[in-house]
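Novice: Next come the chains, spelled out residue by residue.
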Amino acid sequence: MERPRHQGMAKNTNMRWRLPLVCLLWEVAMIVLFGVFVRFGPEVDAHWEEEKKEMNLTSDIENDFYFRYPSFQDVHVMIFVGFGFLMTFLKRYGFGAVGFNFLLAAFGIQWALLMQGWFHSFKNGKILIGVENLINADFCVGSVCIAFGAILGKTSPIQLLVMTLFQVTLFSVNEYILLNLLHVKDAGGSMTIHTFGAYFGLTVTRILYRPNLEQSKDKQGSVYHSDLFAMIGTLYLWMYWPSFNSAISDHGDAQHRSAINTYCSLAACVLTTMAFSSMLQKKGKLDMVHIQNATLAGGVAVGTSAEMMLTPYGSLIVGSISGIVSTVGYVYFTPFLESRLHIQDTCGIHNLHAMPGLIGGIVGAITAAAATEDVYGKEGFIKAFDFTGVYQTRTPSIQGGFQAAGIVVSLLMAFAGGAIVGGILKLPIWGDAAAENCFEDDVYWEVPEDEESDVYHMHNPDKPASP
Amino acid sequence: MERPRHQGMAKNTNMRWRLPLVCLLWEVAMIVLFGVFVRFGPEVDAHWEEEKKEMNLTSDIENDFYFRYPSFQDVHVMIFVGFGFLMTFLKRYGFGAVGFNFLLAAFGIQWALLMQGWFHSFKNGKILIGVENLINADFCVGSVCIAFGAILGKTSPIQLLVMTLFQVTLFSVNEYILLNLLHVKDAGGSMTIHTFGAYFGLTVTRILYRPNLEQSKDKQGSVYHSDLFAMIGTLYLWMYWPSFNSAISDHGDAQHRSAINTYCSLAACVLTTMAFSSMLQKKGKLDMVHIQNATLAGGVAVGTSAEMMLTPYGSLIVGSISGIVSTVGYVYFTPFLESRLHIQDTCGIHNLHAMPGLIGGIVGAITAAAATEDVYGKEGFIKAFDFTGVYQTRTPSIQGGFQAAGIVVSLLMAFAGGAIVGGILKLPIWGDAAAENCFEDDVYWEVPEDEESDVYHMHNPDKPASP
Amino acid sequence: MERPRHQGMAKNTNMRWRLPLVCLLWEVAMIVLFGVFVRFGPEVDAHWEEEKKEMNLTSDIENDFYFRYPSFQDVHVMIFVGFGFLMTFLKRYGFGAVGFNFLLAAFGIQWALLMQGWFHSFKNGKILIGVENLINADFCVGSVCIAFGAILGKTSPIQLLVMTLFQVTLFSVNEYILLNLLHVKDAGGSMTIHTFGAYFGLTVTRILYRPNLEQSKDKQGSVYHSDLFAMIGTLYLWMYWPSFNSAISDHGDAQHRSAINTYCSLAACVLTTMAFSSMLQKKGKLDMVHIQNATLAGGVAVGTSAEMMLTPYGSLIVGSISGIVSTVGYVYFTPFLESRLHIQDTCGIHNLHAMPGLIGGIVGAITAAAATEDVYGKEGFIKAFDFTGVYQTRTPSIQGGFQAAGIVVSLLMAFAGGAIVGGILKLPIWGDAAAENCFEDDVYWEVPEDEESDVYHMHNPDKPASP
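Chains as they are written, first to last, in UniProt numbering: chain S, 1 to 467; chain P, 1 to 467; chain U, 1 to 467.
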């Protein structure tokens, strides 16, 4: 049985031809572009046997696959289960959360392989890919998942695919500016992924402001079991974040260090989040929204500095602060953003990604500026910041300045890009739902008739009971 | 409180002595057979220190454990959480889905270690096992989990254990014929796991045809949260499938390549599945059944060719096609199979495993037949197809022919084996439930009294309310 | 809407100032202590390049990160998702199960890094950490998660933090006595983690005995979906247990062997658990409590011996026995412990950890005593038991004696420590709930108003319906 809709609903949310058209068009484009451009890199191609000899490698274990594949899989889980389930907290939007996240990420990783490939892995007219490209594609899509959090429940799947197309493009440009032109370090993506993704998403949701959104207010909350589903997402993000921040760091100590710094930061973040969640409530009760989100801020906030010599206690400090900032954000900033700035941020990405992302960029700049040969060792110092070639004269303080510039560039790209893409998404052709149908899976999904829903009808006399 | 049953129910589903008897008998058999046959392989045994010297290995990292253990764990998750939760979509069969899958897989891996060991790891009267054997045992059990999908909700746990015993045996024989006699490549098991497992299961469910199954039709659907539980299974299968297809490939480039081809195929598959799921519904709404299942067809369809030079765009094409075929299958073929051929396929394994498995076998045959020394490199060519010893004169086109023969053998083994095993399972001694009690955990499990079930009774006047 | 409480409730469970105070105080203490003591170890520090040369390592792959990080992540998942979700089986305590487990583990790993660091990684006034320390910290916290299982639903978060502080301390002392003074092998922690953790928790819950706990009996059960959430925990513990038992074993064969022995033991355990679960019920139905818990006993019971030459069939035997003992425990011992000994063991840790832990210690002692140079090889024998330095004259039978002594020490530490900590937790200042409010998230958490809860009220006339 179909739930009846309000008579006043004029919007056409039928996806029947539009969604297939977009999906198929884009998949065909991917096939063509992959056919023209994408090939296996030297460690993936069957010529590897010859490659090994040329590179003087004695063992297959030296293949980058063994250095990075376990981390890749952890990152992959974060993108699809982590972000997907984190957003299932809404009582009637679990299909959309996990399903649309699946859709946009599956498209995004293909497009990101191309975009990032043209910038970073382009040789003799071909993009040569390996496991590191897969990780970077997942990273890029991570920034789209973040932006999705701001508009969760308010957009059609087509809008999400359009946003993904543009955001992946802009992400890749921004990343190129930061990593290649500014020669900035950002292995865990505090700037490129979190700051950019979050402010991009916030700008988009500002442009898509819905004045009547309180019409679906009853659906913006959670139910008991939806909060438990969301905790699956939270915990997988939390547990695998050390893999996220270390996945593309240099082999050896850098990967090892990134993982440990992140582990420490996240552990500290849980305690300060719990403390402030309880403190900011009159009855001292813990709020699942904070536990699901603010506990992760510690991972965001060491995204730039984790591979540097941040040290374990430095990580604890950064994690502690970010947990506090994020929890305070949920209690005070989110209502303010909505009522004053008309920024409707469904998942509170301003608290989980935007502010901790900025903290991460700043901590990275400071940590870089404070680097010394004494702390890193002579070789370690050069390796850690890649002070070779044209950059061999860079000093730590100059590097710190460039790191700071990276934050500014990411912010500007996010605001400008978000404004343009928000404008495109505002066109009345994409099939988004009316305000009273937001946060409701029934609009885009075949939803099973639950026994509970009978009860729901009983208590809602304005809806007819099922036969 | 016990739910009342129909008075006409004559079947005895009490497992009290039968299930313990079967479990204990078989576990004792496993202990005896392991005691006689199974020993640690050279990389597992404490003599490894001496082994290392003999093999001129300088580092412990050369132990196969470090090449394959992360992939093994991913495969392990696929078998137990992936398949287990994928099948929890039914509203009242979650315990059976995840619990019986757990039971049959735990028995199956033990029996598979023996069966596959006798065929592939038998030296001086002993089966020498290592991490690769564990992966292969999980693979073998995967084919049983697939067959379980066809008969889900309609069989007793004893029937599942009996089926596992026979199916593992037949799987191992079929695998031996393909890999050793036909010298076929099938690292991800399109033929040995998916084609064989699916057609075996479909034959079994055909033999076990229940004409009155519509009596339990109300229980064959999902509820909102059961669909979310199923998505946990879907996503873990989807994310870890690159590990599945690469887990037993050769060290180095082959593992790397298998993972990347699979990643590409799966990404494309999601887009075409979404497109066709929307297109085939009048209202254009997405159907969770398709998203939960057809998105995975891309992994099945590159199971044979992933370790070959399929190339990224080749993978996108295969993945795109398999998503379409699988979704169309759910909409059109499944009802046809049920109404015309009396094949009651609970999970739709025909769409997720059988047809994509055939595609996988065919793509593998074509990719092998099209191989050239130019594309693979001289050494890579020999290594990829293991054209050594008696096989050194094999040409790609002959290999393609043998690959095709592998499909046929797998099909024949599946039909013949499924018919025999289906006949055995039809004996009236195994304690399966009557048609009106299918898809209902209450038959074999202690089920907690949910508050919702009170409501259920209120709305079903033919069932007495709880006191 | 707030659920009304019984008028007679006098206990103040408001956490508003107490919980933040404890969290912040302890996090500040962690930051100060980490600042003074904790530094990166040689494989984590940026000086690694120089270290590599000194150690004559030719490749970054020799960094311990690549030997242990995948196992670390598996263990991490076990602690946070495994234990966390395993305990969500209660119908209204899912937030507390997964949330408090998150809190205590996040604090515990920080304190464990310090405590274990002082005992095992202290050099020149600094604790030098690496990935192995992270694993050990997770292990240590595992013993706290076990103890949490006994008192689940009956304590405030502050009590859990206090318990964690003391238990981690005592764990580290006990571990030091066993590993360093007695020179005992216990890589998977049958004695140090399971025996110690379980008897510690059982002693604490005995001291905290609540005579009126039957007042919350209606909340001590599960609902259908809470049992499925718990199965997520079960399966992740089951699947990753091979990683748990092998995570800190020696590189090479020892890690490989630990994983395989554990895999075998767990597989066998599932069959005997299912057999006895069915056999011990009049109607032969399987009980989810057994499947969720007793299937894991096989991992506990080979915790000491997995890295030894237990052999695959030995593992099957140990796993089979532990599944039987654990299931029988749930049916007969748990009610006995509660009614006669006043031990209220919410999760039945006596059956899952205490008894299998003792079995594990005993099997370890026997396996060590039975070791011969013939079985292990000359070098393997010395390496497996670390019979070097002052221990080079130890014989297997003496080692077996020391192993047995390790069990006794662990038990004594658990009883004495549990008694003291239980006494501290009994102080009336920690904000625990009254008996009628146990097993109820509403006490410490903001709980969403479910539609179901309306129904609940309808059927419970003593509770007013929501407006």
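Keep in mind that a hint or two might mislead.
Because identical chains cannot be distinguished in the list, a pair is counted as satisfied if it fits within a single copy or across any two copies.
[To be verified] BS3-like, lysine-lysine: derived pairs with alpha carbons at most 30 Å apart: (1) Lys52 / Lys126; (2) Lys383 / Lys11; (3) Lys53 / Lys126; (4) Lys283 / Lys219; (5) Lys283 / Lys378; (6) Lys426 / Lys282; (7) Lys426 / Lys217; (8) Lys11 / Lys219; (9) Lys217 / Lys283; (10) Lys126 / Lys383; (11) Lys11 / Lys282; (12) Lys123 / Lys383; (13) Lys52 / Lys219; (14) Lys426 / Lys283; (15) Lys383 / Lys52; (16) Lys52 / Lys123; (17) Lys11 / Lys426; (18) Lys53 / Lys123; (19) Lys217 / Lys11; (20) Lys123 / Lys378; (21) Lys426 / Lys219; (22) Lys378 / Lys219; (23) Lys283 / Lys11; (24) Lys123 / Lys426; (25) Lys282 / Lys219; (26) Lys378 / Lys126.
Since the hints were made in silico from the structure, they are not lab data.
Note that this is a predicted model, so its numbers are computed, not measured.
Novice: If a hint holds in the structure, say so; if it does not, say that too.
Specialist: Each hint, compared with the structure:
no.	hint	in the structure
1	Lys52 / Lys126	within (21 Å within a copy, 36 Å between copies)
2	Lys383 / Lys11	neither (57 Å within a copy, 59 Å between copies)
3	Lys53 / Lys126	within (23 Å within a copy, 37 Å between copies)
4	Lys283 / Lys219	both (25 Å within a copy, 23 Å between copies)
5	Lys283 / Lys378	neither (55 Å within a copy, 65 Å between copies)
6	Lys426 / Lys282	between (40 Å within a copy, 26 Å between copies)
7	Lys426 / Lys217	within (22 Å within a copy, 44 Å between copies)
8	Lys11 / Lys219	within (19 Å within a copy, 35 Å between copies)
9	Lys217 / Lys283	both (24 Å within a copy, 26 Å between copies)
10	Lys126 / Lys383	both (28 Å within a copy, 25 Å between copies)
11	Lys11 / Lys282	between (42 Å within a copy, 17 Å between copies)
12	Lys123 / Lys383	both (24 Å within a copy, 27 Å between copies)
13	Lys52 / Lys219	neither (58 Å within a copy, 58 Å between copies)
14	Lys426 / Lys283	between (42 Å within a copy, 23 Å between copies)
15	Lys383 / Lys52	both (24 Å within a copy, 14 Å between copies)
16	Lys52 / Lys123	within (19 Å within a copy, 32 Å between copies)
17	Lys11 / Lys426	within (13 Å within a copy, 54 Å between copies)
18	Lys53 / Lys123	within (21 Å within a copy, 34 Å between copies)
19	Lys217 / Lys11	within (19 Å within a copy, 35 Å between copies)
20	Lys123 / Lys378	between (32 Å within a copy, 23 Å between copies)
21	Lys426 / Lys219	within (23 Å within a copy, 42 Å between copies)
22	Lys378 / Lys219	neither (58 Å within a copy, 62 Å between copies)
23	Lys283 / Lys11	between (43 Å within a copy, 14 Å between copies)
24	Lys123 / Lys426	neither (39 Å within a copy, 62 Å between copies)
25	Lys282 / Lys219	both (25 Å within a copy, 26 Å between copies)
26	Lys378 / Lys126	between (37 Å within a copy, 22 Å between copies)
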